[in-house]
Structure formats: C-alpha cells, structure tokens
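Residue numbers (the numbering used here), protein chains in the order written: chain A, 580 to 735; chain B, 198 to 986.
Wrong hints could be hidden among the right ones.
Here are the simulated lysine-lysine pairs, DSS-like style, with alpha carbons at most 27 angstroms apart [stated by the list, open to error]:
| hint | chain 1 | residue 1 | chain 2 | residue 2 |
| --- | --- | --- | --- | --- |
| 1 | B | 216 | A | 670 |
| 2 | A | 639 | B | 203 |
| 3 | B | 646 | B | 626 |
| 4 | B | 203 | B | 646 |
| 5 | B | 773 | B | 203 |
| 6 | A | 703 | A | 670 |
| 7 | A | 703 | B | 646 |
| 8 | A | 703 | A | 639 |
| 9 | B | 585 | B | 552 |
Just so you know, the hints here were simulated from the structure itself, not pulled from any lab data.
This structure is a prediction, so every number in the text was calculated from the model and none was measured.
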Amino acid sequence: MLDDNNTRIALTVNGETVTANVPARLNLADFFRHDLGLTGTHVGCEHGVCGACTVLVDGKLARSCLMLAVQSDGARVETIEGADASGRITKLQQAFHRRNALQCGFCTPAMLLTVGELLRVNPKPSRDEVRDWISGNLCRCTGYQAIVDAVMEVSA
Amino acid sequence: MSTDLKEPIGAEVPRDRAKRLLAGRGRFVDDISLPRMVHMAFLRSPYPHARIRGIDTSAAADMPGVVRVVTAADLADVVSTWRPLHNRFPTMAAPEQGVLATDTARFQGEAVAAVLAATRAQAEDACEAIVIDWQALAQVGDVATALTPGAPRIHEEMSSNLAFEAEVVAGDAEAALANADHVVERTFRFHRHTGVSLETRGILAEYDPTERRLTVYQSHQTPHQQQDLYARLLGLPEHKVRVICPDVGGAFGVKHHLYPDELAACAAAVLLGRPVKFIADRVESFMTDVHCRDHEVHARMGFAADGQIVGLAIEDRFNAGAYGQHPRSSVAEGNQITRLTGAPYRLENYAAKLKMAFLNRGILGHIRAVGHPIAAAVSEALIELGAKELGRDALDLRRQNYLRDSDFPLTSAGGVAFERLSFTQCLDKALSLADVGAFRQEQAALRAKGIHRGIGFNTFVELTAIGPEYYGEGGQHISAQETCLLRMEASGQVRIHIGTTDQGQGIDTGIQQVVAGVLGIPLDDIEVISGDSALSPMGGGSWGSRGAALGGEVAMRAARTLRLNLLSMAGFLLQKSADDLDLVDGIVVDRQHGTAHMSTADLAKIGHFRPYTLPSDLPSDLTVTARYASRDRMFIAGNGIQVAIVEVDTGTGLVRPLRHLVVHDCGRVLNPLLVREQIRGGVVQGLGSALYEEFRYAENGALLNASFADYLVPMAAEMPDIEVAHVTTPTETSELGAKGAGEAGLAGAVGAILNAVNDAISPTGAFLTEVPLTPPRILEAINRVAQIE
Ligand code: FES
Ligand code: FES
Numbered sequence: 580m581l582d583d584n585n586t587r588i589a590l591t592v593n594g595e596t597v598t599a600n601v602p603a604r605l606n607l608a609d610f611f612r613h614d615l616g617l618t619g620t621h622v623g624c625e626h627g628v629c630g631a632c633t634v635l636v637d638g639k640l641a642r643s644c645l646m647l648a649v650q651s652d653g654a655r656v657e658t659i660e661g662a663d664a665s666g667r668i669t670k671l672q673q674a675f676h677r678r679n680a681l682q683c684g685f686c687t688p689a690m691l692l693t694v695g696e697l698l699r700v701n702p703k704p705s706r707d708e709v710r711d712w713i714s715g716n717l718c719r720c721t722g723y724q725a726i727v728d729a730v731m732e733v734s735a
Numbered sequence: 198m199s200t201d202l203k204e205p206i207g208a209e210v211p212r213d214r215a216k217r218l219l220a221g222r223g224r225f226v227d228d229i230s231l232p233r234m235v236h237m238a239f240l241r242s243p244y245p246h247a248r249i250r251g252i253d254t255s256a257a258a259d260m261p262g263v264v265r266v267v268t269a270a271d272l273a274d275v276v277s278t279w280r281p282l283h284n285r286f287p288t289m290a291a292p293e294q295g296v297l298a299t300d301t302a303r304f305q306g307e308a309v310a311a312v313l314a315a316t317r318a319q320a321e322d323a324c325e326a327i328v329i330d331w332q333a334l335a336q337v338g339d340v341a342t343a344l345t346p347g348a349p350r351i352h353e354e355m356s357s358n359l360a361f362e363a364e365v366v367a368g369d370a371e372a373a374l375a376n377a378d379h380v381v382e383r384t385f386r387f388h389r390h391t392g393v394s395l396e397t398r399g400i401l402a403e404y405d406p407t408e409r410r411l412t413v414y415q416s417h418q419t420p421h422q423q424q425d426l427y428a429r430l431l432g433l434p435e436h437k438v439r440v441i442c443p444d445v446g447g448a449f450g451v452k453h454h455l456y457p458d459e460l461a462a463c464a465a466a467v468l469l470g471r472p473v474k475f476i477a478d479r480v481e482s483f484m485t486d487v488h489c490r491d492h493e494v495h496a497r498m499g500f501a502a503d504g505q506i507v508g509l510a511i512e513d514r515f516n517a518g519a520y521g522q523h524p525r526s527s528v529a530e531g532n533q534i535t536r537l538t539g540a541p542y543r544l545e546n547y548a549a550k551l552k553m554a555f556l557n558r559g560i561l562g563h564i565r566a567v568g569h570p571i572a573a574a575v576s577e578a579l580i581e582l583g584a585k586e587l588g589r590d591a592l593d594l595r596r597q598n599y600l601r602d603s604d605f606p607l608t609s610a611g612g613v614a615f616e617r618l619s620f621t622q623c624l625d626k627a628l629s630l631a632d633v634g635a636f637r638q639e640q641a642a643l644r645a646k647g648i649h650r651g652i653g654f655n656t657f658v659e660l661t662a663i664g665p666e667y668y669g670e671g672g673q674h675i676s677a678q679e680t681c682l683l684r685m686e687a688s689g690q691v692r693i694h695i696g697t698t699d700q701g702q703g704i705d706t707g708i709q710q711v712v713a714g715v716l717g718i719p720l721d722d723i724e725v726i727s728g729d730s731a732l733s734p735m736g737g738g739s740w741g742s743r744g745a746a747l748g749g750e751v752a753m754r755a756a757r758t759l760r761l762n763l764l765s766m767a768g769f770l771l772q773k774s775a776d777d778l779d780l781v782d783g784i785v786v787d788r789q790h791g792t793a794h795m796s797t798a799d800l801a802k803i804g805h806f807r808p809y810t811l812p813s814d815l816p817s818d819l820t821v822t823a824r825y826a827s828r829d830r831m832f833i834a835g836n837g838i839q840v841a842i843v844e845v846d847t848g849t850g851l852v853r854p855l856r857h858l859v860v861h862d863c864g865r866v867l868n869p870l871l872v873r874e875q876i877r878g879g880v881v882q883g884l885g886s887a888l889y890e891e892f893r894y895a896e897n898g899a900l901l902n903a904s905f906a907d908y909l910v911p912m913a914a915e916m917p918d919i920e921v922a923h924v925t926t927p928t929e930t931s932e933l934g935a936k937g938a939g940e941a942g943l944a945g946a947v948g949a950i951l952n953a954v955n956d957a958i959s960p961t962g963a964f965l966t967e968v969p970l971t972p973p974r975i976l977e978a979i980n981r982v983a984q985i986e
C-alpha cells in the first residue's frame, strides 16, 4: 500500500477498538474481509444491490460495499462475527438451521443481521412485512420461504 | 423397503454444515489467503467480435504493485488449448479455445490479457493501462443471421457457423400431422439468461515447482473433473494436482465447467511459482459464466377428433455462443429438448430437429434443469392450445394422453428409457390440493371487476443421475460413477469420503443419514468429507441431480459392508451368529430381544488395537469402499406437475405469482426437509426465468444488463409461498430407490407460469409464447390482438 496516500482511521468493530491506515478507495467490505480477517461479511455484487455485504454501522443496516473504510472512522460497527458472539441472534440462527433457511449460506450472515434488525424494530411482523424487509437481500438458493418461516417462528 | 434402511433415512434432519455458515464461519475461496499470494485481473474484450492487431503491456508492467502482465503468448508454453469434442456427436464442430484470446476475440468479455499484482485493485488499475489495437469485426448475435449463407464467420476454420445438427425420429410425424383432425402450431422463444450464483466464480491456485505440485482452491462442483483437466492441460502429474472445493456459494451448473480465466490463474501460478487468486466480479460473472436457454422452438402437435395426440414435430434452433463449452460441449440443452418434448404423453409419431450455431455471444453451458423447462413449457402450452381447439378441458386432455402405469417400462418417442412415472397420480394429488372449480368461480367473479387471474398446469419429466455412457462414450473424463470410502475410527465414529459435493443442497446430510441408518450409529458420530480431489475417492461431484441417487446408493453399499464386518466381529466375540445381532444407536444388540451386548466403539477399538484377538480370515476391515454406477440406462427419470396461480395487471403488464404448488415424484426421499427446500429454490429460479431473467444486447452486440440493477432476479417480496407434495415411485435400478430432485423446481415452473399468464389474459385473445413474460411483451401481445380486432 502507498502509505502517504493512506488515511488513519479508528473505529469500534464488534466491540473492539481498531485503528488502521487505509487507502481512500478501500471499501468497508474489503477492509473487514481482507484487512481484519472478518470474512463472514460477503461480497456478491460490489454495487449495492444484492445485500450480501450488509453490516450494522452505528446500529443501522448498511451495505459495506457502498461505504469506504475511511467513512467508518469513529463509527461503531457490527459484523456477523460480533452478532454471533454476542448471542443476540442465537434464536434466529437456530430457527434458520432447523428450517433449512439457508443452502449455500452465502447470503446468510447478511440475512441474519437484516432480519435481526427487523425483529428489533418490529417484533411481530406479518409474513408480507418480512418479505418486504428482506427484499434487498438476494438469496439465490432458498426461494425465501424458509427464511420467512424462520423469522415468523422466532417472532411468534 | 430393505430392513436395514431405517431412521434417520427419510427423516427431516437439518444440516451440520449450516451451523458454521450461520455463524459467519463459512470458508469460501475468497476467504482464503496464502503467503506470497498475488491477485489476477483480466483485460476483456469490449467487443463481441474483434481482431487483436497488437497488445502493448509495457505501461501496465510499470504500474505499482504489478508482478507480471501476461498475454496468450506468455502462457503458451505452460498451458495447452482445448477443443470441446464429444464422440457421441462426432459431427459437432469443436473449434479450439485457449486461456487468452490470441488474434481474435469472439465474445464480449473474452479474456485477452491479465495482470498479476499485489492487490486486486492494483491488478485492475494495470489492466486499464494495457493498450490493445482493436479492429472491430461484424458481429453475429442471432441464429437466423448466423446460418444465412455468407454471414460473417465466427471461426475461420469452419466453412459456416453451423455447429451441429441432429434429428430424433419415431414413427412418421409428418404423415400423422397431415392426417390429424386438428393441428396446433406455434413458435416459442426462450431468451438467454444465466445461473447467477451469489458467490461469483473464484479460484486460488498454488504451485510448488520442486514437487510439481498444484493445489487449487476453487468454487466448483466437480473437483475430480478439474484435477484431470488441470493435469492434462498444464502437463502435470495428476496425483500431484489437488482441487479443493471449500464452501461454495451457489453453483446451479455455472460451476461445473472449465473456464479459461480460472485455468489461466493456474497457469500463472505455475509460471510464477506463487499462489494466484482470481475472483470474478459481478460484471465478469454475467459476461463469462456459462449462459443458458436462448432457444427458438417451432412446434406442431396434431390431435384426432377424440383428443388423442397423433403426432408432434419440433424444430429447435439454438446456439453455443462463441465456443463449445468444455469439457461437456454445448449440445445438451438442445439434445434434452429434442428428447423430452411431449415426453409425458403417449406418442407414436415424433420428429425433433435441432440446429446449433456459433454466435458472438458468451458460451452456453449446462445450467440447472438443462433443456427441461423448455421441453415442458412447449408441450404443455400445445396441450392448452389443443384443448381450446378441441373444445376440451385441458386437464382431461392431459389425462387422456398421459403415459399410464400399463405403458411402463418403455422407451419414449424421444428415446429415453422410462422405468415407471406417475403422471396421473401427480395430477390427482395436485387436484386434491388445488380446487380448480373454486378457482374458476373466483376467476370469473374477479374478471367482472377487471382483475385477471389465471391458473397454469405443467407436467414435467425430470432426467436425473446420468449414467456413465454419455460421457464415457463421449470421450470426456467425467465420472458418472461414485465411490464411497468409510472409515471407522477407534472411537466408533465414522468419516465418509465421497466424490459427490455439496453446494448447499445438502447431499452431505442425505449421505450421512444413509450411513447412520444402515450402521445404526448416531448422526453426530458421522462426518462427510467431500469436495477434495485428494481426500475423496474419484467421483463426479454434484450436477444433474446425481447426489441422492448415486451418492446415496454407494454410501448405502459401503455402509452395508462395514455393518457386516462389525456384526461378524461381534458374532465372533459374543459367540453368536452375526444374523442374530443388530446395530442400534451405536450398540450391538440381540436382534430378537434387543438385549445390549457391546458398543460399536468397543468393536472399533478391538479392530484397530487388538486385531490379534480376531481370526485373520474374519471380515473385520473398518475402512471399506464401494462403488456404484447405474447400468443400462442413460438417466433415472422422475416426474411431477406444477400448478401456478398468477394475477396479470393488463394495464401495466406486471405478473404477480399468487400461489404455487409442486407435486413431485423423486422415488425414495432421503430427507423431506432438504428436498422441499431444493424444490422451492428451484421454483423461484424458474419464476425468474419465466418472468424476469434475460440478457439484453444493444444493436452492436454490447451486453446491456450485466449488473444486478439491470438484470432482474426474484427477490422475496415478489415471490409466493410454494407448496410441495410428493408421490413416491422408487426406482428399482437401485436398492435405495432414490431419484434426483434438483431440476424439478426449475423444470416445471416456467411452463406453469406461461400457462397461467395465458389463462389470465385469455379474454383478450392473446397467447404468449415468448419467455420471460415481461410487461412489454404482455402488453404488446394484448395490444396486437386488440388491433387486429
Ligand atoms: S456486495 Fe454489497 S450489495 Fe452486493
Ligand atoms: S443460501 Fe445461497 S444465496 Fe442464500
């Protein structure tokens, strides 16, 4: 990396303070994956449509492929690794597992974070509300129904 | 059912592998990094057809981070070119292809040069600095133009763009059609799309020149096929080539081919002696993943006055894209269409012709349900048209013409052996779940309010678990046989090594269940190791719905051998007949009274550490293998029916799927949970094919929608819930009796939606035959009829 062009950032990732020198063009997804080794965040398009790179930035769902790492300076970020370790999505993970709401699992970390957020803001969603909420997350394997079922089960 | 095929075979068991994926602990290719690894990026042709007059890489070579810039010439000594020959189709043209284009680029996205650099971004930067002296050539984008005499030729070594033609004939279709009381005739168009795995293609190749050892991590379905190809094309000893497929983020047929860029990454690793990683981006995926469909089918079906089908003739015109796909060739989709159209029906007179051309487009390959959706949609739309013509109920007309129990076994008019299929049973079951009478009433009531709903039925045949003859005679090194190695550790726990692979469909779990059921040990004591060409015995990987039928069967056979060995050891130690003993939950029990004697773990310990306590001729191996290939039939055929209910907005042309039902027969179901979800996923892909997915090209041949913003795939909000029910007709070709289930969802969905949309708009008089059924096509069809009237 060309150090002179890099920017120093400091942020909280999954509760840990991280400082790094990053090139201005490095996106947040690549920063997590390749610099921090947090490979649970996936990249399916790099143009903000598939949702596979979704993480939580300051408590809001964000597409990490559309954000630059430098924009995360000072932010509090959570990836699937953090959500998993915190235990706050355990019920969802178990319901996804039981209902086979994942096949290849590539969309799954982002899907879990996304529906976790839904249940936070709307603990009793309807099926249609679940479908609407995840309509920015492409899953090519499951056909979505089992995902909706799993969320409904947890919200019941 | 054989007595040893017990639970958990047939149980709804969730998948072990899912747990790590749910925790963000999956390991996909791009998650792996190796010391001294470099990244590879490709400069690709922006033109669908162009001469390469010169390549200047000097500026690129000086860019930051660049390790090497390569063109075809730089790799020529490292890697060979190939021709996708198939000896079953000896007249098929198979022009040569290499990892990078030399003097001509024949499709947009064809790789021309590549950069190896410290980071992916630096490699991409340097690609932009490569200067190519292009001369654009006339491009050919449709089959009609390609086959016109004098058309620009895609391959100069060929005298025309015709890649292949063939004919399947039974009886005399022309005479039958000439004498038919009614003939319905249409031309159908199925546009080009692709498989769209969410994880793009990717590879990480590592080469150690001291041992001539190539280790490849690849997002792929067929590690052994790749091992063979890499060894032969790179001139390496096969036993030193190892292909590991870690977690694979969806495949759907996209990932069971040889790709020039992936092979180029291996060649670059050999050239540099350093690990090379290439991960396709989404634009590269759309352009260079194999594409599918892109068929025009002209079809005529003749009926006698009483409704009997007397003849069917089809002509399928399609294309391979710019080259044949390697190593399987590009013929199969057309071949399946000519073999499967009309397959559910009693058909004496059948003629099917196919013509395959080369075009300046991406390569067509085998994507989930190869040919099936087209064959079924054409047949079932013709039945609907026939029913209208005859003034008959279309379901009655199907029933009258379906192959019946008494017809089986038979070789179909298309030349496929059908053991026993269950068309009538599937229709009966569908009608027990979907009340057509009630729907018709509701439909009429809603029509009065300007709401247009329709119901569509689609009967399909599903060809699964291809036998070894197709590629064996074809000359490809593609295994249709499976081998399973079972290894019982001293703890009594078991490792299953098998050649099938799991990209999320869950076949690892199905196989685990089979072994658990036969061995009588808990599922948690068994692990499947698959997707590694060095660790797994030679096998075919996963494609064409072969996992359950072949992998399940071979695992059962291996488990039976291990079971016999365990029982013979126990019999000796207990001084009882092995026949009087059974294995239940990891315990050797008395078969009659269930009395517990000793654990499997006790036996395993004796087998491994105190073998001297057993007679040397006693069968007591704790590592056993079995192999299995189906015999004397090209496929194990399954079948089913799908029912779709849709609403068409005749103002906007938008289609909303409201309800979707699948009745499916895949023989013995190893795990209903996994089969159901496979089918649902397939249906949703089929709804994508039916309604949204299509590559669009500009006049100059440029691909217009190589992004998720422009290429539409089904998202959750538009998709209906999907009901799945089963009829069970086990295959007798194997003892397990399982048939494949991976094609069914996609195979049946397209025709069901087509018929449902046509039913919804039937008052307008329009009948659509072009898929996907996009709003403009629907509006245009409605308006066209309105204008005529
Ligand atoms: S990778 Fe970020 S939305 Fe697709
Ligand atoms: S499980 Fe494969 S993309 Fe969702």
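Outcome of the hint check:
1. Proximity of residue 216 of chain B to residue 670 of chain A is assessed by CA-CA distance (about 13 angstroms); at most 27 angstroms being required, the pair is judged to hold.
2. Restraint check for residue 639 of chain A and residue 203 of chain B: the C-alpha separation of about 49 angstroms exceeds 27 angstroms, so the hint is violated.
3. Restraint check for residue 646 of chain B and residue 626 of chain B: not satisfied, since their Cα atoms lie roughly 31 angstroms apart, outside the 27 angstroms limit.
4. Using a Cα cut-off of 27 angstroms, the hinted pair residue 203 of chain B and residue 646 of chain B is violated, with the two alpha carbons roughly 55 angstroms apart.
5. At roughly 23 angstroms between alpha-carbon atoms, residue 773 of chain B and residue 203 of chain B fall within 27 angstroms of each other, so this suggested pair holds.
6. For the given pair, residue 703 of chain A sits about 15 angstroms from residue 670 of chain A by alpha-carbon distance, which is consistent with the 27 angstroms threshold.
7. At roughly 34 angstroms between alpha-carbon atoms, residue 703 of chain A and residue 646 of chain B are farther apart than 27 angstroms, so this suggested pair is violated.
8. Distance restraint check for residue 703 of chain A and residue 639 of chain A: the Cα-Cα separation of roughly 19 angstroms lies within the 27 angstroms cut-off, and the hinted pair is therefore satisfied.
9. Simply put, residue 585 of chain B and residue 552 of chain B have alpha-carbon atoms about 31 angstroms apart, too far for the 27 angstroms limit, and the pair is violated.
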